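Asker: Chains as they are written, first to last, in this note's numbering: chain W, 137 to 595; chain B, 137 to 595.
It is possible that part of the hints are untrue.
Which copy is meant is left open, so a pair is good if it fits within one copy or across any two.
[Claimed, not checked] Straight-line alpha carbon distances no greater than 20 Å define the calculated DMTMM-like cross-link-like pairs of lysine to aspartate or glutamate that follow: (1) Lys190 to Asp446; (2) Lys526 to Glu270; (3) Lys207 to Glu187; (4) Lys526 to Glu401.
Simulated from the structure, these hints should not be mistaken for laboratory data.
Please read all numbers here as calculations on a predicted model, not as lab measurements.
Number of protein chains: 2
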Amino acid sequence: MALIPPRTLKGFRDLLPAQALRRARIVRTVEDCFRRHGYAPIDTPVLEYAEILKGKGGGDTDKELFEFTDKGGRAVALRFDLTVPLARFVAEHQGELAFPFRRYHVGLAFRGERPQRGRAREFLQCDADLIGAEGPEADAEVLALMAGVYAALAAALDTGPVTLRVNDRRVLTGLLEALGHPGAPGPVLRALDKRDKQGPEAVRDELAAAGLDPARAADLLAAAEPAPTPTATLARLGAAVGQSAVGRAGLENLARILELLAAAEVPPDRVALDPGIARGLDYYTGMVVEARLERLPEIGSVGSGGRYDDLAALYTRTRLPGVGCSIGVTRLMDALEALESTAGAPAPRAGTADALVAHAGPAASPRAFRFAARLRAEGFAVEVYPEPRKHAQQMRYADRLGIAFVFTPDADGSFHGKRLADGATRTVVDAADAAAWMRDTAALGAARAPAAPGSEATP
Amino acid sequence: MALIPPRTLKGFRDLLPAQALRRARIVRTVEDCFRRHGYAPIDTPVLEYAEILKGKGGGDTDKELFEFTDKGGRAVALRFDLTVPLARFVAEHQGELAFPFRRYHVGLAFRGERPQRGRAREFLQCDADLIGAEGPEADAEVLALMAGVYAALAAALDTGPVTLRVNDRRVLTGLLEALGHPGAPGPVLRALDKRDKQGPEAVRDELAAAGLDPARAADLLAAAEPAPTPTATLARLGAAVGQSAVGRAGLENLARILELLAAAEVPPDRVALDPGIARGLDYYTGMVVEARLERLPEIGSVGSGGRYDDLAALYTRTRLPGVGCSIGVTRLMDALEALESTAGAPAPRAGTADALVAHAGPAASPRAFRFAARLRAEGFAVEVYPEPRKHAQQMRYADRLGIAFVFTPDADGSFHGKRLADGATRTVVDAADAAAWMRDTAALGAARAPAAPGSEATP
């Protein structure tokens, strides 16, 4: 029989155990933080009526949609983000929800764009949004949440620091008003948003195309450059927006947000005012934010968000202002891999077990099963080698998966223990004895020691 | 502007926060148990080349496939389970994996079947498989894993006991050999598998259609009835399979599995031998299992599994025997909802916060933010009401989300605390003071006390 070639679609990828373990750890850390801030999960289908999704994302999302007709003749599509489904969800279930509504959502989204690093066609989104609240407290809440998430990720996964680069769309509108720019702000915002990716030349060209003459473009770019401190940036922007009411409202909002973040003890160097942050998406109306990984800023933003004032307007006449953020899990994974390969760091573990109980012949298997069960009850992750194989092969297996301890049933009823990191051996009489040794090792911080029981579950 | 009706596709559904919180808790409990047994996660795309998926599931899976042509002209489809993608994954990555390979996978699958209770068109699968190992130890390992999962779910979610009903396909083959049945065993196995769902009449009709005369059908059904104890069942089956070598191999395997499960201290009443369990899927070759929720057996199996001896043969010439299980998360959710509605139990919580800090005017907001941040650092989930609203409205909000404590900034710098369960009040000077009160409440086991810090993350 001819074999079917085992392969995945272009732009889609498998996660091997080490990668999936890391992603699960990132997601769990993010989710725990979302919950600690009062956000609860929801879920929505990955497949929606096409009319729900089309014409919503701006830019290329329609072109990139995976759409088809299902066997019932319905025009359907895979969602391209979690924000449009949130709008549909809130409109559909508003009577069942308590407002202000804090929800988070971890789910897949799909875009048929050209695959490149960090731009898979299937990707995992981790979003949190606060719906039905306006004002600086709501904006600051989401930024404090983001700061909490990145602090937890730095602690759990050694990502290093992440800076939130914050702006308010209204400040940019105010700058354009003060400059006497007659056109719509949209093209200018999109031009500014490309500053980091495409450099000042490209931005100047785009600003010219958006109708800004060279002198005004230069003024705008000068005003949009951050000053050394947030206070200095606010002062400079205050002068630049002049009497523009919308510009002044944006600046007041930013000043108040900074005050609230300081009160919440978010470290000041983790928050920067950056008047050049515009965010390409059309639906943002107030605060906007991008998260920069300081160890690898060129990877692009590892999270973003902002305020949108009426996202659900397509589906309901109830006005539902919101503010939210998205944590870039795939981007963070890519960044960690890039940093590790630069540093020549060892590959992350592909296994979960703290201990392997070796197979020492069928007669010993019942004892091996009991020992493993009791060691699990002590809080450790344990596997039993399932088949009679040479002991050396079983040891190589343990080594390859980074399992810290191997216990082999002895003829006298005890177990011969080996710690793989340093080759130390010990005879243990039962699982409690083995657990004590493993805990001692963990307490000593020995290389490849098992995690303390339960520690995996908390960031 | 005309509104787009906010709606989901037939057979697809949203999860509201209370439902999503419960599902997340089930999944986390299952995942933690999988890891405690040495299983590591993988991930694969929900979209695959159609040729990978078609003709693999047996029965109706081809008809029920969501398939389409993507914008690059490729024939693609949404996966209908996680087992076929596992086979493709193992064939594609075998050089990068350590065998025996233990993997778990939590992911969405899609089937366009007629929607009914527990049969959504999009559903979450939680599978664990051990690839590259044969013999009773491997079979017993997966059963011990399942028993561990259901014990953890009973403890974390009050599902009540689940019984594993175990059989070996070879025993049924042996029974047919002993009866002198000339045909293929497949149709007989599928007939037997309908015993619980469609009753003995339907099974007798199907057995007749499969070529079994009434006397033989009656003998088979009598032999397939479980005896009062596993030992008695094994003895009766031993007599019934007679000299059939394949039948005796199946019985030896079952006897050895029972011995290993007893050694692993799986409670004996959580495992039953049931020679009528056949599992409809064609790819099982040895041990098969179905999990029955004792409080609501009529909901159908809440998990299943078995041994398949060469699943990846379509994609690789390497022989890869395996054994695995699938935990029925959606079925368990349905069962819990049905049991609660019968018992008139209160709806589960839709919120995650232990405490709400009330909005007491803009001047108090910085203090509220600091208090909330410090209470989170003490391990509690805390939200700040984001807008100036009447105090009564804020209290109703807390009540609706099941938030146990509300703290309101006082003019003198302290906070007025209220415990909603009993209306108790206390003035606290800071977050540490509030945390002490909340911990005391939790220790007293008061109604609606907040979870102890970190407790949510462990089953």
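Asker: Hints first: check each against the structure and report whether it holds.
Answerer: Hints, one by one, checked against the model:
no.: 1; hint: Lys190 to Asp446; verdict: within (17 Å within a copy, 43 Å between copies)
no.: 2; hint: Lys526 to Glu270; verdict: between (67 Å within a copy, 16 Å between copies)
no.: 3; hint: Lys207 to Glu187; verdict: both (17 Å within a copy, 18 Å between copies)
no.: 4; hint: Lys526 to Glu401; verdict: neither (57 Å within a copy, 27 Å between copies)
Of the numbered hints stated above, the single one contradicted by the structure is hint 4.
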